[in-house]
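Participant: Could you build all of it, start to finish, from the sequences and the hints given here?
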Amino acid sequence: MKLGELQSFVSLRFDVDLPSLDKLVESHEAYFGDISFFDNAKRYLKARFDFLVTELARGRNVFCPDLFHALLGCLITNQPCERTQADVIAKHVLGLRCQGGFLTAPRTYVDQFPKFRSARTNPSIPEVYSSYYSYYLLQMLNVPFSGQDMENLVSWMVAHQKKSGAIYSDVYSDTPEPRRFETEVACQTFFGINVILSAKAKLPEFDPNDCLLKTKEWALGKWLSLRTVAGRYFALKTIQLVCPEEVSQLGSAEAIGFLEDRSDHHGEGYYDYRLSDKIDEFMSSSSATELDKISPHVFSTYYAASIMKILWSYGASIKIPLDRLKRLATKAANQDSGFGIKVMVKDFPEPYGPVSTELETLLILLLPLLTQVDI
Amino acid sequence: MSVEDAFGQMDLYRLLEDSHGLVSFELYDSGTLRTGECRYAFSLKENDKLEVWPAASSATKLTLNRYVPLKPHTVAFVGLYIGDGAKASHPGSAGIISFSQRESRLANFVRSHFIQLFGDSLTFTHRVNEDALFFMTDKMRQALGKLRDQLLAEGRTDILSREQLEDYLKRDLDSVIAEQAPATRIALEKHSRKAALQKHRKYLVEFFANRSIMNEYLKRLKLKELTDSGTPLSENDRIAVNIRLPGVKGAREEGKSSRSDELDVDGLRQFHALFLRILSDVQSSIEKNEEDVKVSGSSAPWLIWEGKPHDCGKFSIQTVEYLTQAEECGRFSRRRLVRYNCREEGQTLVISIGKSCFKVPKTLRFTPLLCLFFGLYLAEGQTPKWKIFKLAKEPVGSLKIGFTASEPDSVSVCMRGMKQLIAGENTIPEYWRIKVGAKYFPETVTIGNKIGTVALRRGEKGQGAASGFEIVENLRHWAVKSMPVLGEIESRFDHVEYTGAGIPRIDLFYPKGPEIYIFSLMRDLISNPSALNRFSVELGGANR
Numbered sequence: 042m043k044l045g046e047l048q049s050f051v052s053l054r055f056d057v058d059l060p061s062l063d064k065l066v067e068s069h070e071a072y073f074g075d076i077s078f079f080d081n082a083k084r085y086l087k088a089r090f091d092f093l094v095t096e097l098a099r100g101r102n103v104f105c106p107d108l109f110h111a112l113l114g115c116l117i118t119n120q121p122c123e124r125t126q127a128d129v130i131a132k133h134v135l136g137l138r139c140q141g142g143f144l145t146a147p148r149t150y151v152d153q154f155p156k157f158r159s160a161r162t163n164p165s166i167p168e169v170y171s172s173y174y175s176y177y178l179l180q181m182l183n184v185p186f187s188g189q190d191m192e193n194l195v196s197w198m199v200a201h202q203k204k205s206g207a208i209y210s211d212v213y214s215d216t217p218e219p220r221r222f223e224t225e226v227a228c229q230t231f232f233g234i235n236v237i238l239s240a241k242a243k244l245p246e247f248d249p250n251d252c253l254l255k256t257k258e259w260a261l262g263k264w265l266s267l268r269t270v271a272g273r274y275f276a277l278k279t280i281q282l283v284c285p286e287e288v289s290q291l292g293s294a295e296a297i298g299f300l301e302d303r304s305d306h307h308g309e310g311y312y313d314y315r316l317s318d319k320i321d322e323f324m325s326s327s328s329a330t331e332l333d334k335i336s337p338h339v340f341s342t343y344y345a346a347s348i349m350k351i352l353w354s355y356g357a358s359i360k361i362p363l364d365r366l367k368r369l370a371t372k373a374a375n376q377d378s379g380f381g382i383k384v385m386v387k388d389f390p391e392p393y394g395p396v397s398t399e400l401e402t403l404l405i406l407l408l409p410l411l412t413q414v415d416i
Numbered sequence: 099m100s101v102e103d104a105f106g107q108m109d110l111y112r113l114l115e116d117s118h119g120l121v122s123f124e125l126y127d128s129g130t131l132r133t134g135e136c137r138y139a140f141s142l143k144e145n146d147k148l149e150v151w152p153a154a155s156s157a158t159k160l161t162l163n164r165y166v167p168l169k170p171h172t173v174a175f176v177g178l179y180i181g182d183g184a185k186a187s188h189p190g191s192a193g194i195i196s197f198s199q200r201e202s203r204l205a206n207f208v209r210s211h212f213i214q215l216f217g218d219s220l221t222f223t224h225r226v227n228e229d230a231l232f233f234m235t236d237k238m239r240q241a242l243g244k245l246r247d248q249l250l251a252e253g254r255t256d257i258l259s260r261e262q263l264e265d266y267l268k269r270d271l272d273s274v275i276a277e278q279a280p281a282t283r284i285a286l287e288k289h290s291r292k293a294a295l296q297k298h299r300k301y302l303v304e305f306f307a308n309r310s311i312m313n314e315y316l317k318r319l320k321l322k323e324l325t326d327s328g329t330p331l332s333e334n335d336r337i338a339v340n341i342r343l344p345g346v347k348g349a350r351e352e353g354k355s356s357r358s359d360e361l362d363v364d365g366l367r368q369f370h371a372l373f374l375r376i377l378s379d380v381q382s383s384i385e386k387n388e389e390d391v392k393v394s395g396s397s398a399p400w401l402i403w404e405g406k407p408h409d410c411g412k413f414s415i416q417t418v419e420y421l422t423q424a425e426e427c428g429r430f431s432r433r434r435l436v437r438y439n440c441r442e443e444g445q446t447l448v449i450s451i452g453k454s455c456f457k458v459p460k461t462l463r464f465t466p467l468l469c470l471f472f473g474l475y476l477a478e479g480q481t482p483k484w485k486i487f488k489l490a491k492e493p494v495g496s497l498k499i500g501f502t503a504s505e506p507d508s509v510s511v512c513m514r515g516m517k518q519l520i521a522g523e524n525t526i527p528e529y530w531r532i533k534v535g536a537k538y539f540p541e542t543v544t545i546g547n548k549i550g551t552v553a554l555r556r557g558e559k560g561q562g563a564a565s566g567f568e569i570v571e572n573l574r575h576w577a578v579k580s581m582p583v584l585g586e587i588e589s590r591f592d593h594v595e596y597t598g599a600g601i602p603r604i605d606l607f608y609p610k611g612p613e614i615y616i617f618s619l620m621r622d623l624i625s626n627p628s629a630l631n632r633f634s635v636e637l638g639g640a641n642r
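So the protein sequences, as listed, match chains A and B. As numbered in our numbering, residues 42 to 416 make up the first sequence, in order. As numbered in our numbering, residues 99 to 642 make up the second sequence, in order.
Warning: the hint list may mix true and false statements.
[Stated by the list, open to error] Cross-link-like lysine-lysine pairs, in silico, DSS-like; alpha carbons within 27 Å at most: (1) K297/B / K387/A; (2) K559/B / K319/A; (3) K579/B / K156/A; (4) K559/B / K334/A; (5) K319/A / K297/B; (6) K204/A / K243/A.
FYI, nobody ran anything at the bench for these hints, they're computed from the structure. In this text, all values refer to a predicted model and were calculated from it rather than measured experimentally.
Facilitator: Following this line, the structure appears as structure tokens:
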């Protein structure tokens, strides 16, 4: 991927203008007071990238979102991918191609789970998010992707747009839209639209207007009902892509109140959801949550700040609480040099899922750029 | 040797003395660390009796035995209560002691152990909770009608006659609600926005008209179940029935039951800390394989096993004789008891039934570990409990060995207990899975957000096997870190399942074959110990 393409991609996905490496380092120094977070993030992402590629070379499965974020972090911090590493990744990703899209994991990996071995229940089928990550991984590595490949990918993507305008595959995950996780639908739709717009730039005869119109209706119709910061973030970015003229009509006061409701009361970042949003799906009643734990996270804080920045850029009067973001970044710094906050369930002593992640470390790397506007 | 022989002992006086009366407990249960403490006063009486009362009030005094033998069924009782008993306590207030179990034989077993432990002055409430929707079918209306005639004939005046019922059913709902007790009106208001209550609002008048007769119906049913299980209601017991408003909880369709039964131990609230301390120390010493337990800072133990709890125990049985001769070790099928076939192979026995084949040790020692496993399984096992008690007497349908737990100790006890029961390949689960209830979906989605991926649901209700493998892999790592014993079977992980309710937890599933053998042992330990004594054998040191 050429520098300009990388800058444009990072701007589209992460809402920042990617400067030169020196400027990025300067932005860290100016924002955090030193460059230790930059150094840590750089080290962590490189170590993760090398580890993931080594795992792949050993024949083990590695997931594309992890590879994607680690590679992107390395490219941003000017740590180029070696040719042999690029070959290993390209072989893996190209091996995931299926029906125009890309699988979430190789069939050999899925076959280890008896539950999924039978053809009827085998979920090694393409998904929107896996196709997005695979496509952009190939782009970042400059792996040739022909016009026919692009046509196949975009055909697959458009074929998976639902009547509602949302984009997701219901081949394996066949749950009706109202019962799907809102973040899943919003995220996959945003990813789908990204690929469709990328195809529009590369395939002159491809006309995505119908598709964009349907997505516009979906995103505008959904906006107010979304209860998670991540859901709102992906919906807003979709609106920004398909109907930017509508952003200023979304109601910035409501959005600010929405984020305020999800701000951590210790002044450290933003939650993705409120405990009061936990409901018993089947009895439509509130859940008892007094023993549940909730934390602000890097992703939800970054996405909250992004929402503010986007609304500001369309004329809303918003001030990003820089100190709140800074405190969250400090809280999220881990001994492994990566960034991320634990998800805890009741008194289970072990964190529920990973603590440091490639994506959240990448977000900390970019955080000073996100806030580098005079608002 | 008898299954009544103790393999350890608790000295309650030592516990109270060494802790200066301040008894605290720490018990990990359902993802929650339960803690609590209570200060007790106590005095040693003649014949090793111990009088204990809460230091804050001498109104409730209990006379206990200073020495409590730890017998196989005492340990099974501990396992049962850890699995199905109430353990919650809140600072400043004592917790309730209540055992949640519909199977009357198990409830009675637990009841008898409370009496052994705390004396026969205890009283018990057998609580039955059921949803009103259970009664909203023609069949149940007929049954209630029959009971109505019977009660009226007996002279009951709190029951509406058929004519009065007809008139009542014509009344408008608002006037019926207006005359209900304040608590009922508050509950109706509280749940008024629930879709299920709205849907079943049409049954409310009928519910209020028939509430007393529904109560009576369930009371009589419970009484019959207790009598059939061999322990009729005594003067120390009472039955309390609670019929829930239609559509508020559990059942969502007419005729469907979501009955739950509880056995409340009355008058023990102040002894909650003492009881839970006993449970937690018995369980943790077995899990950690420690021969004794001391109060911190004390030199003498208050709980002693006669050896390592994974291996000790005087009572053992000849497995082949038990399998082939025990009166009820078999499965009722086609009007006869189908038994296992056994043949010797070195130090093990090869057992077969139908197409299933597995190995067992020639002799089986009843260790504290094994008895705790039996108790835990009878609480947390996926087998409907009535099947365990009926399998030799009537056809019970499919049987499988499946165990659910969210506590590392329980998973560890299950896996190690199964290794004592079985030899060879079938000692480890065929597969295991993680289940996540709807309440913890937000945390699960958060994992996806942290790594930039999505959580994918399945099926009409969004339940079933999760296919977002990035999240699945992370949950597998979480499970193995949380319950290290799963590391031994990590390769047998199968899937993550989204489900309606419950904290993230583990299901272990074992290969088919040994279920009759294992369920028969559990049943006989609980309800027919003499059936085990017949096959007793003297053993020296090790189990196998």
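Participant: All the hints need checking, so say for each whether the structure fits it.
Facilitator: Now for the hints, and whether the structure bears them out:
| no. | hint | verdict |
| --- | --- | --- |
| 1 | K297/B / K387/A | 34 Å, violated |
| 2 | K559/B / K319/A | 17 Å, holds |
| 3 | K579/B / K156/A | 23 Å, holds |
| 4 | K559/B / K334/A | 26 Å, holds |
| 5 | K319/A / K297/B | 23 Å, holds |
| 6 | K204/A / K243/A | 26 Å, holds |
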